[in-house]
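Could you slot chain S onto chain C? The hints should help.
What follows is each chain in one-letter form.
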Amino acid sequence: MIIAERKPFKEIQEMLADYDKILLVGCGTCVTVCYAGGKKETAVLASQLRIARKLQGKKIETVEAIIERQCEWEFVEELKEKAEECQAILSLGCGAGVNTLAERFKDIPVLPALNTRFIGIPQEQGIWEEKCVACGNCILHLTGGICPVARCSKGLVNGPCEGSREGKCEVDPSLDCVWQIIYDRLKALGRLSDLEKIIPLRDWSKSAEGGFRKFSREDMTL
Amino acid sequence: MEGECHYLEGNFRAKSRVGRAKKLLQELGLEPDRVEMYNLSSSDGPKFAEIATEMTERIKALGPNPIKKREKEE
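Order-wise, the sequence lines are chains C and S.
Numbers 0 to 221, taken from numbering that gives the first Met the number 0, label the letters of the first sequence in order.
Numbers 0 to 73, taken from numbering that gives the first Met the number 0, label the letters of the second sequence in order.
Be careful, since some hints might not be right.
In the BS3-like style, the derived pairs of lysine-lysine whose C-alpha atoms are separated by at most 25 angstroms in a straight line are [what the hints assert, rightly or not]: (1) C:LYS58 x S:LYS21; (2) C:LYS6 x S:LYS68; (3) C:LYS38 x S:LYS68; (4) S:LYS59 x C:LYS9; (5) S:LYS71 x C:LYS20; (6) S:LYS14 x C:LYS57; (7) C:LYS58 x S:LYS22; (8) S:LYS71 x C:LYS38; (9) C:LYS57 x S:LYS71; (10) S:LYS22 x C:LYS57; (11) S:LYS21 x C:LYS38; (12) C:LYS130 x C:LYS105; (13) S:LYS14 x C:LYS58; (14) C:LYS58 x S:LYS71; (15) C:LYS57 x S:LYS67; (16) C:LYS213 x C:LYS167; (17) C:LYS20 x S:LYS67; (18) C:LYS186 x C:LYS205; (19) C:LYS39 x S:LYS71; (20) S:LYS71 x C:LYS6; (21) C:LYS53 x S:LYS14; (22) S:LYS22 x C:LYS9; (23) S:LYS22 x C:LYS6; (24) C:LYS53 x S:LYS68; (25) C:LYS53 x S:LYS22; (26) S:LYS21 x C:LYS6; (27) S:LYS68 x C:LYS9; (28) S:LYS22 x C:LYS79; (29) C:LYS53 x C:LYS79; (30) C:LYS57 x S:LYS21; (31) C:LYS39 x S:LYS14; (32) S:LYS59 x C:LYS20.
Chain C is faced by these chain S residues, among others (derived, beta-carbon under 10 angstroms) [unchecked claim]: (33) SER15; (34) LEU23; (35) LEU24; (36) GLY28; (37) LEU29; (38) ASP32; (39) GLU35; (40) ASP43.
If you're looking for bench data, these hints aren't it; they were derived computationally from the structure.
Positions of the beta carbon are idealized from the N, C-alpha and C atoms, including for glycine.
Bound conformation, chain C alone (with noise of 0.2 angstroms):
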C-alpha cells in the first residue's frame, strides 16, 4: 500500500490561512490502513484546524467526506456538491489523490494535508517501512521476494558490498543486510543457485528517474 503521514500542522495551517470555508476528503484505501487519512484522523484534524482557527479570533467552517479510493474518477465524483460550496479542498490521500482532485475541480485550490512517504506495508503495528520503490523492472523472483532495490542502502542487485558484516548494513548498522536476508531465505528455499544469475544493468528509463510514467492497454481502452 501507499504509506504517508500528516504534514506538520502549521504547514497545513498556512495552506488555509485564506480560505474560511474548507472541504477536508479522507481517502478509505491505503492511508486509512496507515493511520494517515481515514476517517477518524479527517475528523481529529477538522477539529483542530476550527479550535486553532478560533483561538485566533477567527472561523473556519469544516466540511468532511470520506470517499472510497481518491484515485478514481467514480469515487472523486462524489465529492461534487461539496466541492462547490467550499473554496478549497484539503485532500488527507496520497499525492495520487491529490492529483485527481486538483484535476477533477480545476476551479478549487486542492491542497495536501499529508506527504507521501513510499510503497510499502506496516511491519509491525504503527511501524512502516518500504518495500518497493516502483523501478518499473521487477527482479523478485532471482531474490527470494525481497528486494534490493527498495532496501540496500547502495542499490546492489548482484549481491552485498563488501560493508556487510554480520548481517547489518555498513551505511546505517541499525539495519539488517538485505542481501543477507536474501541469501538466508534463498537457503532455506533451496534457491542459492538463484544468486547465480546475474541480473544485467537495469533499464531506469522505467523508473521515477526515467521521467514522467505512463502506459496503456489496447485491451482495456475504450
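For chain S alone, coordinates are given in the frame of chain C:
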C-alpha cells in the same frame, strides 16, 4: 498502577494515546497539560482525591480555555 491493568496492556495503550492527544493540543496552540493520565486503583480514594486536587490546581493556574474567553468577548 502502571502495568497492572485488568486489561493487561490497555494502560500502556492509553498512555501513548494520551501522549498523542497532548501533541494534538500543542500543535493547535493549547497547553498539553490540560490533559493528563494517572494510574491508580479503584479502591484508592485518598490517591484519587490527591490527583483531583493536583489537577484542579494545575487547571486553575492555566486559566480558562482561551476559546471560551474569546466566545464571550464575541
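Going down the list of hints, with the structure as the test:
1. C:LYS58 x S:LYS21: Holds: C:LYS58 and S:LYS21 sit about 23 angstroms apart, inside 25 angstroms.
2. C:LYS6 x S:LYS68: Violated: C:LYS6 and S:LYS68 sit about 30 angstroms apart, past 25 angstroms.
3. C:LYS38 x S:LYS68: Distance of about 31 angstroms is beyond 25 angstroms: violated.
4. S:LYS59 x C:LYS9: Violated, because 28 angstroms separates the two Cα atoms, which is more than 25 angstroms.
5. S:LYS71 x C:LYS20: 23 angstroms, holds
6. S:LYS14 x C:LYS57: 33 angstroms, violated
7. C:LYS58 x S:LYS22: Satisfied, since the Cα-Cα distance of roughly 22 angstroms is no more than 25 angstroms.
8. S:LYS71 x C:LYS38: Cα-Cα ~32 angstroms, so violated.
9. C:LYS57 x S:LYS71: 14 angstroms, holds
10. S:LYS22 x C:LYS57: Measuring from Cα to Cα gives roughly 22 angstroms; hence the hint holds.
11. S:LYS21 x C:LYS38: 20 angstroms, holds
12. C:LYS130 x C:LYS105: Roughly 34 angstroms separates the two Cα atoms, so the pair is violated.
13. S:LYS14 x C:LYS58: It is violated: about 32 angstroms lies between the C-alpha atoms, which goes past 25 angstroms.
14. C:LYS58 x S:LYS71: 15 angstroms, holds
15. C:LYS57 x S:LYS67: Judged against 25 angstroms, a Cα distance of about 13 angstroms means the pair holds.
16. C:LYS213 x C:LYS167: 37 angstroms, violated
17. C:LYS20 x S:LYS67: Cα-Cα ~22 angstroms, so holds.
18. C:LYS186 x C:LYS205: 31 angstroms, violated
19. C:LYS39 x S:LYS71: 30 angstroms, violated
20. S:LYS71 x C:LYS6: Not OK: S:LYS71 and C:LYS6 at ~33 angstroms, beyond 25 angstroms, violated.
21. C:LYS53 x S:LYS14: With a Cα-Cα distance of about 28 angstroms, the restraint between C:LYS53 and S:LYS14 is violated, given a limit of 25 angstroms.
22. S:LYS22 x C:LYS9: 13 angstroms, holds
23. S:LYS22 x C:LYS6: 14 angstroms, holds
24. C:LYS53 x S:LYS68: 10 angstroms, holds
25. C:LYS53 x S:LYS22: 18 angstroms, holds
26. S:LYS21 x C:LYS6: Holds. S:LYS21 to C:LYS6 sits at ~17 angstroms (cutoff 25 angstroms).
27. S:LYS68 x C:LYS9: Roughly 23 angstroms separates the two Cα atoms, so the pair holds.
28. S:LYS22 x C:LYS79: 34 angstroms, violated
29. C:LYS53 x C:LYS79: Judged against 25 angstroms, a Cα distance of about 28 angstroms means the pair is violated.
30. C:LYS57 x S:LYS21: 23 angstroms, holds
31. C:LYS39 x S:LYS14: Cα-Cα ~19 angstroms, so holds.
32. S:LYS59 x C:LYS20: 34 angstroms, violated
33. SER15: 9 angstroms, holds
34. LEU23: Nearest chain C Cβ about 6 angstroms off; hint holds.
35. LEU24: 8 angstroms, holds
36. GLY28: This hint holds: S:GLY28 lies near chain C, its Cβ roughly 5 angstroms from the closest one there, short of 10 angstroms.
37. LEU29: OK, holds: S:LEU29 within 10 angstroms of chain C, min 7 angstroms.
38. ASP32: 16 angstroms, violated
39. GLU35: Violated - the Cβ of S:GLU35 stays beyond 10 angstroms from chain C, reaching only about 19 angstroms at its closest.
40. ASP43: Violated - the Cβ of S:ASP43 stays beyond 10 angstroms from chain C, reaching only about 31 angstroms at its closest.
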